[in-house]
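Number of protein chains: 2
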Amino acid sequence: KSLSMHSALGVLFLLTVAQAPLGVTAGKILVWPVEFSHWLNIKVIIDELIVRGHSVTVVTHSATPSVKTTESPGYNVEVIQVPYTKQDINDALEKFMKYWTYDLPNDNMIRTSLKIKEIMDMFVEQNHILCRKLFANEGLLEKWRKEQFDVLLTDPMSTCGELLAQKLNLPFIISLRFSFGSSMERLCGQLPTPPSYVPGVSLGYSDHMGFLQRVKNILFQFSQDVLFTLVSVVKWDYLFTEVMDALIQSDLQLCFTIGKADIWLIRSYWDFEYPRPFLPNFKFVGGLHCKPAKPLPKEIEAFVQSSGDDGIVVFSLGSMVKNLTKERANTIASALGQIPQKVLWRYTGEKPDTLTPNTRLYEWIPQNDLLGHPKTKAFITHGGTNGLYEAIYHGVPMVGLPLFADQPDNMNHMRTKGAAVMLDFNKMEAKDLKEALTDVMHNSLYKENIMRLSQIHHDQPMKPLDQAVFWIEYVMRNKGAKHLRVEAHNLTWYQYHCLDVAAFLLSITALVMFIFVKTCSWIFRKCLRRTTTKKKRE
Amino acid sequence: KSLSMHSALGVLFLLTVAQAPLGVTAGKILVWPVEFSHWLNIKVIIDELIVRGHSVTVVTHSATPSVKTTESPGYNVEVIQVPYTKQDINDALEKFMKYWTYDLPNDNMIRTSLKIKEIMDMFVEQNHILCRKLFANEGLLEKWRKEQFDVLLTDPMSTCGELLAQKLNLPFIISLRFSFGSSMERLCGQLPTPPSYVPGVSLGYSDHMGFLQRVKNILFQFSQDVLFTLVSVVKWDYLFTEVMDALIQSDLQLCFTIGKADIWLIRSYWDFEYPRPFLPNFKFVGGLHCKPAKPLPKEIEAFVQSSGDDGIVVFSLGSMVKNLTKERANTIASALGQIPQKVLWRYTGEKPDTLTPNTRLYEWIPQNDLLGHPKTKAFITHGGTNGLYEAIYHGVPMVGLPLFADQPDNMNHMRTKGAAVMLDFNKMEAKDLKEALTDVMHNSLYKENIMRLSQIHHDQPMKPLDQAVFWIEYVMRNKGAKHLRVEAHNLTWYQYHCLDVAAFLLSITALVMFIFVKTCSWIFRKCLRRTTTKKKRE
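One line per chain: the protein sequences are A and B, in this order.
Residue numbering for the first sequence follows UniProt numbering, starting at 1 and increasing by one per position.
Residue numbering for the second sequence follows UniProt numbering, starting at 1 and increasing by one per position.
In case anyone wonders, no lab produced these hints; they're calculated from the structure.
A portion of the hints provided could be inaccurate.
Note that identical chains are pooled: a pair holds if it fits in a single copy or bridges any two copies.
Stated by the list, open to error - Cross-link-like lysine-lysine pairs, in silico, BS3-like; alpha carbons within 27 Å at most:
| # | residue 1 | residue 2 |
| --- | --- | --- |
| 1 | K463 | K482 |
| 2 | K482 | K447 |
| 3 | K447 | K479 |
| 4 | K235 | K260 |
| 5 | K298 | K322 |
| 6 | K479 | K463 |
Starting from the given sequences, assemble the full structure and let the hints guide the process.
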């Protein structure tokens, strides 16, 4: 018996050894994060890296609204002092969101563009200050050089992580959901995005586009590329040149530097995305933060159970939206009062007058645990990627009230895949919301479709978080992943698109035709002359 | 103690359950294989499927040189009776190889093209006969319909597997190393192959091409596409129309049918390939047949051990080449006599006169076990994909003597990655081979490079065979993988390349310019007339 136990344990040991990743030793990772939901997502990766014994250092700044810098959070923190405050960032963001949610839909294009430019300029300005402060701190850079990190993980929505990696001579990994018009992926990552079936993010198209949609898609891609290039050149190039002492041999320094990334961890997957081409160093890890539901707090569980067979509706517009206008809040509350389900609404604004007893307001809800609860029938969401992936993970059909940024586009993906109804937040009336909710809960197609997406999500060779960590550790143990980087990075744009070859072939063809025509006409004239001479003689 | 054993076994059980793939039950797989090395490769997948409890039925024909049909090999066999024999196939192949190896390098282009066309026509003719015999057998089709297979696995180098899948209404999976010029992947699979950095297979270029190479690459891609389309239309379309009762709504029926594949299992990986774009339903499973070395037979092990510190060289030109010309065999044998290593040469031809005692001839060698032996210093190979992957797996530098088909291109990959020296089989002299061998064994760069490729091969999230089986089982349990198929399949070629959009935008631009010029000239004339009138009046 003892022997058989011994051998059983032996097998167990062998199994464990066999499962341990290839030659991983504890490493050192430097992280350049972005705030808010981006931070929540990258935090999951950081936590997993710590669990696996790695040492993680997060670079943040004194005004960070998201990164915990005081308590000991398991990772090391380096705080760059900046001359703006957390309040400045929050205020700017709130202003931005209010404008986008309420005023933008009624504004004309020029005013919208100017307003967006103004806000963007402010974000870039903050980014700039942070970047300068960082590279001015020679002592810190020297300390990091001595610490010998293995890899840098950066979210390129905040510029300079990639530059830091270059400055410290580290391989680096990008964490990205998308860039507007996919310009960063296309121009810097060399990702092919055939405009005939890869819709530009934010256009709200699916991969099945009509003629006019394809026209608009191409023009959109083109204009975004121009815009991205302009911003890179005007806003960033001189800073990059300064920091790298003009060592970068390229016209587009931002793009050139981003293009050196070893791995791109894209925060989506084919449950969410329309199928499209990608490259060997693009890895899709959408939903890496999702996990099985934990039991709910007692009070919430009691409320959920009180819903009986009707079940519950989970409602959140994300961590960024704190207030709605009184009118919007009342419209929503009165709609929620007309359904038999119990509703859990994450909302910190003033209690709407029309609120009915079936709806409870919460400052915070355990969203993932609620979405994984068997009584949950639907999810009202703003369409942020994190929440949307939790709905996919647990298979909950959605009603989308997208507000800004990628949210309308995200919800459109779910709508075209038949897993959600989408409403116009500003124009919807109470009956629209009520009808949408009734629809997604009673028309079984929505449930079937979201369950199909859920099945796609769960049925992968490797879980998203494991895959993200695998490739980070891969870069650590192999000091990069250059064998996955396409040669396109070393071509100019006209070489990449074969324009030089086309020009050459056209020239040859033209030359051949020219010689042919000239020869023919010469022969023709010769013959003609002879005939004329003959006739004359006759 | 019993308790702890119990719990240990419990954990073991849990581990086993946790590792079991998601919801897989025993399924039924129909296989449409190709002969020779293709069969060896697909056989590994079949064996693994059988181990996992699936039932496999292989469709073959009465003249098969590779598939065992008599003994019980673990899989079911359906033999289609054809009017040609195994001898016919072997003879044709030998003729083909002899021509390619010895005569082709000295032949002019027109004769070569005609000869290759003649041989190809013969293979297509055999394929045709097999296909017709299959679809004429209504009883067999009816039997298969009743048997309700879950998936069909086909090697498209032999046409009709994809048609059989359509006829039986089955999801299907393609196993492919490449098609010439990648036309099948590009035209039927919608794989983007940017000609600026994806070299056409058989050109012998790397991903880093000069201007003239890019010109040739584009012309090659284009000509291969034209050829592939012609062959499809002339040779196959009417048969496809006939079999499917004209149900296929497309001009290019072969391509249209192949394009319906759920998954493409590509028999390579980034250890071998230059990085390039791919699609969500393309999975790279190169080297799936490789496994750790087993102990050698006693006699061979003794010979290997007798090599002392010098080690051994493994030499095989593959299973297809049985004879060399006397002159070539003598050249090779005399070169082998000049190195201190012991050589194991798989060769069934006449014993060369110049053979020395350090070289032994074998009718068959345990190639994988030899390549995995610690005493192995180098591998002389024709550059077939299977052997090449075994060398990558075990990290053995190579001397390539490529003969035909994809072999020169394969070896070129290894050469550009610094893991092999390549020789011209027909022109090399004894000293060339001797020098090449000395070089790969003594210049440590070759060993370092092949070890780097080996590291890339082994350091994947999932082993190639497991990945192949995962996606086959995926298609079985999900009845397809349509969510991985790009929308490009539903676009015409001019839509795909946005030519309609380009024409539209150019027309608009032209129209605007026309109106602008006309307006300007009208205004100009008006002004001019007025001035003239004025002047006249004056």
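- Checking against the hints above, which ones are violated? none
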